[in-house]
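**Q** Heads up: the sequence lines are chains A, B and C, in that order. Once you know that position 120 of the first sequence is 142 in our numbering, the rest is easy, because the numbers rise by one and skip nothing. Once you know that position 15 of the second sequence is 453 in our numbering, the rest is easy, because the numbers rise by one and skip nothing. Once you know that position 161 of the third sequence is 162 in our numbering, the rest is easy, because the numbers rise by one and skip nothing.
I should point out that these hints are in silico values taken from the structure, not numbers from a laboratory. Ideal placement from N, C-alpha and C gives every residue a C-beta, glycine not left out. Check before you lean on any hint, since a few could be wrong.
Stated by the list, open to error - Which stretches of chain B does chain C cover? Using the computed rule of at least three CB atoms under 8 Å from a CB of chain C, they are:
| no. | stretch |
| --- | --- |
| 1 | 448-454 |
| 2 | 531-543 |
| 3 | 584-590 |
Stated by the list, open to error - Computed far set for chain B versus chain C, every beta-carbon distance over 12 Å:
| no. | residue |
| --- | --- |
| 4 | Arg465 |
| 5 | Leu488 |
| 6 | Asn511 |
| 7 | Gln522 |
| 8 | Pro528 |
| 9 | Glu560 |
| 10 | Pro593 |
| 11 | Leu597 |
| 12 | Lys615 |
| 13 | Phe662 |
| 14 | Pro665 |
| 15 | Gln678 |
What the hints assert, rightly or not - DEER-style ranges, computed between Cβ atoms:
| no. | chain 1 | residue 1 | chain 2 | residue 2 | range |
| --- | --- | --- | --- | --- | --- |
| 16 | A | Pro77 | C | Leu158 | 46 to 56 Å |
| 17 | B | His571 | A | Phe25 | 54 to 64 Å |
| 18 | B | Arg443 | C | Pro35 | 32 to 42 Å |
| 19 | B | Arg638 | C | Pro58 | 40 to 50 Å |
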Amino acid sequence: MSFLDTFFNAAVMARYAPDILRGLLVTIRLAALVVVTGLGTGLALALLRSLGIRPLNWAIVFVVDAFRALPPLIIIVLIYFGLPGAGWAPSPFVSTWVSLALVLMAFAEEIFWAGLTAIPAGQWEAARSTGLGFGQTLAHVVLPQALRLTIPPLTNRTIAITKGTALGSVVALSEILGAASSAVSNSYNPSPLTLGTAAYLVLFIPVVAFGRWVETRFAWKR
Amino acid sequence: MIQARAIHKHFGALHVLRGVDLAVAERELVFVIGPSGSGKSTLLRCLNRLEEPSSGSIVIDGIDLLDKRTDINRVRQRIGMVFQSFNLYPHMTALGNVTLAVRKVGGKSRAEADAIGLAALERVGLADRADHHPAQLSGGQQQRVAIARAVALEPRVMLFDEPTSALDPELVGGVLKVMRELRESGMTMVVVSHEMGFARSAADRVIFMADGAIVEQGTPEAVFGAPVEARTRAFIGQIQRHA
Amino acid sequence: MIETFLNLDILRAAWPVLLHGLGITLLLSAMTIPLGLGAGLGLALLSTVRTRWVRWPLIAYVDLFRAFPPLVLLILLYAGLPFAGIEMGGFGCVAVGFFLNTGAYYGEVLRAGIESVPAGHSEAARATGLSRLQTLIWVVLPQAIRNVAPDLLSNTLEVVKLTSLASVVAIPELLFQSRQAQALTYNPTPLVAASVIYFVVLWPLVRLLSRLEHRAIAGRR
Ligand SMILES: Nc1ncnc2c1ncn2[C@@H]1O[C@H](COP(=O)(O)OP(=O)(O)O)[C@@H](O)[C@H]1O
Ligand SMILES: [Mg+2]
Chain A
23 MSFLDTFFNA AVMARYAPDI LRGLLVTIRL AALVVVTGLG TGLALALLRS
73 LGIRPLNWAI VFVVDAFRAL PPLIIIVLIY FGLPGAGWAP SPFVSTWVSL
123 ALVLMAFAEE IFWAGLTAIP AGQWEAARST GLGFGQTLAH VVLPQALRLT
173 IPPLTNRTIA ITKGTALGSV VALSEILGAA SSAVSNSYNP SPLTLGTAAY
223 LVLFIPVVAF GRWVETRFAW KR
Chain B
439 MIQARAIHKH FGALHVLRGV DLAVAERELV FVIGPSGSGK STLLRCLNRL
489 EEPSSGSIVI DGIDLLDKRT DINRVRQRIG MVFQSFNLYP HMTALGNVTL
539 AVRKVGGKSR AEADAIGLAA LERVGLADRA DHHPAQLSGG QQQRVAIARA
589 VALEPRVMLF DEPTSALDPE LVGGVLKVMR ELRESGMTMV VVSHEMGFAR
639 SAADRVIFMA DGAIVEQGTP EAVFGAPVEA RTRAFIGQIQ RHA
Chain C
2 MIETFLNLDI LRAAWPVLLH GLGITLLLSA MTIPLGLGAG LGLALLSTVR
52 TRWVRWPLIA YVDLFRAFPP LVLLILLYAG LPFAGIEMGG FGCVAVGFFL
102 NTGAYYGEVL RAGIESVPAG HSEAARATGL SRLQTLIWVV LPQAIRNVAP
152 DLLSNTLEVV KLTSLASVVA IPELLFQSRQ AQALTYNPTP LVAASVIYFV
202 VLWPLVRLLS RLEHRAIAGR R
């Protein structure tokens, strides 16, 4: 009984449900932005890299390696607490968004690039011999094959990074976890955390299930 | 050597073996033919219990295979099996493939096992490839290593499931030669295959299976030359046309 | 600008604490990786049992922890469980939380590895008389681990990065120490230094991984 009162306290839940709901909307908005910008910039970098300009490629590889090596949380903290020293004070939302987008960009670039290079030279030659240009060959022959190769690893990576939206709570972003945490300290009751947990599961279990489906749908024979 | 009686096998609703009786004498080579899906592989796999028969009895070398008290892993050492797809372990050398069970089930030391393994590889003419990994060997060589893997355990019986079907034509001969030598050394063998020439020269008996049952059996001359059943005649006509 | 982001005086003062933090980060990793691998191996082996009574709860467990942001799990243990009278302390929460999280991920990787080994190989092994366990140990697992080595390594990289979350529950690892130093000096230099340390430590792993993954994707065609 007291367990239910503590963790599933209806009164507390009702009071803080609107906060959590607002947090849920923030999480969804943030996640959507991260996915779109992260994948977009990642693909752009991979395409840039396929142009084969040496110094540019070194720069790309370095940036990609850096954002793969750094824990996302330190990037968020660095942007939020560090950038004001350079005269720009991004909001918690922007700090979290930019950080996660950079991380996703790095992982996505690597995966897209691997996909692009997996397409044999013969495909390029065949297409170019029919008179297609570089861009046309890329767009109509190489990319469609490469994207298919990259879908399973990309999906799983995207899901993992999107879960990082919870890290925003560390820089006082009122997404689900942030909203739930402050509700817990205001109410001295963990029920908001229960609600928050439920919100995450409702949000991410379908996403994980989707990832599983994608993996089987696009499975390759070894 | 083998007494299998009234073997039935169901896969769910699918009735794959419908009461197969098979007796194989010591030193006999029984050659099994039949259309794809007729249950040849399933029958072989029942003979070392890779597949559990739904009913029936199997006695091999005096041991009741389906008895719950039988230590199936020890019995399987006495029954060699060679697969269509070789199934060599890619992370081990040829010698490693051959000696794994010798050491782990036979309990031999590494040195003893290596000696046994090398002798087995010698028998299939591949002692010089002992240190090669499967990926470095041709299909025919891989299949000969697979045969050596079974031979090294000194089996009393050997089961072959289409051992040459996955091979390029020019590699088939080497594998058949090894099988012929095994036969001449007195090995009891059950061979599922389409290699009619091998059957003619090496088989004591040919069995034709269709729809999970033995339709006809006899000497190679009888079954290939003058098949009694219409289904046998049709099947043999087909494979001879394509041979 | 350089005065702000790379202040040498502050760097010199903060250096010892940062190194100490790095030590704790490596310690946390050294604790979490074997625990997670062990749990993952257990899960992967369980998943070879084909009964649905094992399979379904297993998939549910793995998916649950894949859906759970690790920070939420950590906060739940750290700020939620005390209300039920369970106080594990920051370190205990990190140990349990990371164990559950990384175990699920390693489990998924190893399961995929085991499934990538052709059934024929186990059959051939069983046909030579090896037992189920012997087949697993000598034939299936070596191949499985080799087949998913890039994923195992990538997961391990993620585990090291994951330990930065421990800063949230006041474990004095690298990120925590750098934030303390930054708060004390009102200067981001310690954060920059910590980033550089993370990069220097993890870059070789990232390079190696990028090569392996490249080969893995190319091999899928
Ligand atoms: N593990 C299995 N599960 C379900 N059906 C199977 C299985 N193995 C074989 N079968 C079916 O049993 C029949 C006989 O197969 P098989 O013994 O492989 O035939 P053959 O070797 O003569 O081609 C086929 O219809 C096949 O689809
Ligand atoms: Mg077959």
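**Q** For each hint given before, does the structure comply? Return the numbers of the non-compliant ones in rising order.
**A** 1, 5, 6, 7, 8, 10, 11, 16, 18 and 19
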